[in-house]
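Student: So the sequences go chain by chain: V and P.
Heads up, this note's numbering is the position in the first sequence plus 12, with the first residue counted as 1.
Reminder that position 70 of the second sequence reads as 56 in this note's numbering, one-by-one numbering, no gaps.
I should point out that these hints are in silico values taken from the structure, not numbers from a laboratory.
Every value quoted in this text rests on a predicted model; they were computed, and no experiment measured them.
C-beta: ideal position from N, C-alpha, C; glycine also.
Incorrect hints may appear among the rest.
Stated by the list, open to error - DEER-style ranges, computed between Cβ atoms: (1) Val208(V) to Thr175(P): 53 to 61 Å; (2) Pro20(P) to Ala396(V): 44 to 52 Å; (3) Lys254(V) to Ile159(P): 44 to 52 Å; (4) Thr175(P) to Asn344(V): 50 to 58 Å; (5) Lys104(P) to Ser322(V): 48 to 56 Å; (6) Ile159(P) to Ala396(V): 35 to 43 Å; (7) Asp79(P) to Leu358(V): 54 to 62 Å; (8) Arg78(V) to Glu134(P): 46 to 54 Å; (9) Glu134(P) to Asp117(V): 22 to 30 Å.
What the hints assert, rightly or not - Subject to a maximum C-alpha distance of 27 Å in a straight line, what follows is the list of computed DSS-like cross-link-like pairs (lysine-lysine): (10) Lys32(P) to Lys254(V); (11) Lys381(V) to Lys213(V); (12) Lys360(V) to Lys201(V); (13) Lys59(P) to Lys213(P); (14) Lys60(V) to Lys435(V); (15) Lys102(P) to Lys243(V); (16) Lys60(V) to Lys213(P); (17) Lys213(V) to Lys436(V); (18) Lys207(V) to Lys381(V); (19) Lys60(V) to Lys100(V); (20) Lys32(P) to Lys283(V); (21) Lys435(V) to Lys207(V); (22) Lys59(P) to Lys80(V); (23) Lys435(V) to Lys100(V); (24) Lys235(V) to Lys59(P); (25) Lys410(V) to Lys436(V); (26) Lys32(P) to Lys317(V); (27) Lys360(V) to Lys235(V); (28) Lys254(V) to Lys102(P); (29) Lys360(V) to Lys317(V); (30) Lys213(V) to Lys80(V); (31) Lys242(V) to Lys102(P).
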Amino acid sequence: MKYLRLMIIACLVLLPVHGMAADDGYGYPIPGSYEATIMGTPAALMPKLPAHIRTRHLVLNVFPEREKPPIFFYDEGLQCTFAYQKHKAPLVFLIGGAGASDQADKLMTMMKTFYQAGFHVITLPSPTHANFIISASQSRVPGDLTEDAADLYRAMETAWNQVKDDIEVSEFLLGGYSLGAVQSAFIAKLDEERKVFNFRKVLMINPPVDLYSSATSIEELLKQIPGGAKKQGIFFNRMLSKFGQFYRYGNFVAINEDFLYSIYTEKLFTKPETAGLIGLTYRIGLAGMIFTSDVMTNSGYVVPKNRVLSHTDSLFDYFLVSTHLSFYDYINEYFYPHFLKLRPGLTKKELIDSESIRSIEGYLKSSAKFGVMTNENDFLLTKAELDYLRQLFGERVKIYPRGGHLGNLEYKDNLAYMVEFFKK
Amino acid sequence: MITVNRYRTCTAILALMLSLLLSGCATTMVNSEPEVPAMHTIAEFKDQRFADVSDPWEGFNHSMYRFNYYFDKYLFLPVVSGYEFVAPTFVQDRVSGFYNNIGEVRNLTNSMFQLKGKESLTTLARFVTNSTVGLAGMFDPATTFGLERHQQDFGKTMGYWGADSGPYLVLPIFGPSSLRDTGGLVVDTGITYGIYSAIDPFGSTDNAFLYGAGVSSLGAIDSRHQKSFRYFESGYPFEYYMVRFIYHEQREIESQKPLPAGLPEPAQ
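Let the sequences and hints guide you as you build the complete structure.
Tutor: Structure, rendered in structure tokens:
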């Protein structure tokens, strides 16, 4: 996956990083929203973190009775990463964004930061990640905030039971970014009833307000492809040959940082092309979620119903078909019908409205344990949604002038703020 | 005695491979319910295929991919972790440097095969510098002097002279490859072995074979230690295709095959 990510990182239209940021006392340098989202934080502006920390890999058997299809033979349970101190300390649970595994780069940076600050940490995969759907989702249909929060809560309890004899914990804390931030809010609400953890503080980083409206923002990116998302294959192949030719004509030693840097200084890709590539990355992730859920529920959505796939069967056609499905297709043809069957009479609007932090705003407004970090130019938030967050959280929201969606998460000031928040 | 052990190891590996291949067939569950076509199928597809690579032996490759996963899990990675546990990081890095320096011989021969004068000289200078000042490659002063490493192999040489990659092939233990690159691997190994036999570094000792075996085993461990890739680690159900695509594309781009005729030169 590394080179795919590098290739996508390379698809940039930005100017050199230095000397561009407005002089507003905030040192994160990349002004554009898309650019920051893709580029993230330059290595020199991340804090110095230890290369190795004391960690253990947890493989949790959340549903001991569950039979897994042979195609997922390698999935032995829910994967979590656990970093532990030798002394009594608070334990932080962390949840990533859509498609993130427990070892996503951003989660690992946060884990090291909190570990260095003296906390125990457990990272979990996102409920949209295949591993979670296979091993920890009750319904095996991801995307519902209430159900996903219940699944996450169960997974966290299982993880806690596995480690509680080995560490001393003073209190529990919870944090998540992007989709994981919204899920954290729903988990915290559930915890008020269940009271297993009694989270003292909950941190939401770059939360979307409505899942449906943020999915719409991502679909908009794909509209910038000539012919739209249905022609993304043609688009992909054209971008790839552009990439290859650029390499051949330049005198490069390898596909490495130098090569990628020159791609954005030479502006190899135009702005709509960059947008299209970001959108396509989301699509490739979504395809994995749709396919996994379909196999697990035997719904006959992209894989014929009752077909049992073996490890030698080709999945490539499923890959092509799934990557051509949009968020809307998933919601209209798969997600909504699933819930309609369970709750007859449910309208699509009711379902969409429930997938939003607005549905629990009374709780969020009243509870002092929440903190929010976001950016003025996060492209997943409209102006109105940003104002909504300001008004809902008041003093408890910290808004940075730039950083796009998660681009500044690994910036040293942001990480220091997170530690500060949990220590207060 | 040594031959017998070697023979036994080979038999054990072969048996493991066979049993894994066969168990793949055995575990396929039979579902008695009739199949119902899916809501979305490839028939409605009106776009170019993308991230596609010629893969006529896909079934075999999937089995090898799975074999490598188990081989890593039960044998290779435990050994590598043991090594990483026992040897301090400083030592690990020196070991990597030593083997990477030996690899310069392969880089050099192939730069020469591609008639790349400047690159060959750079690689030669690297090899000489690191072998002497860098204490047999344990340190890498050459990079500090601005002599960059040029990774080359015979697969790339063939690609450079216009040979097609041929079908994708997942090799046991070595992992992703292609028909062309597998041939290249054989040639490179032959050349390295030829040079090794000519120099015969342990020839004067009593246990030449044992030393040789030790050096190559440590080489294998170091090479796995240097690779962070883990089979199925991403959890992504289409990981096989991503790996296949990235391997293929990276090789295509880096072998700098001559461009098809008729493409205009871009303006500088």
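Student: Go through the numbered hints given earlier and state which of them the structure violates, listing their numbers in rising order.
Tutor: Hints 3, 6, 15, 24, 30, 31 not satisfied by this model.
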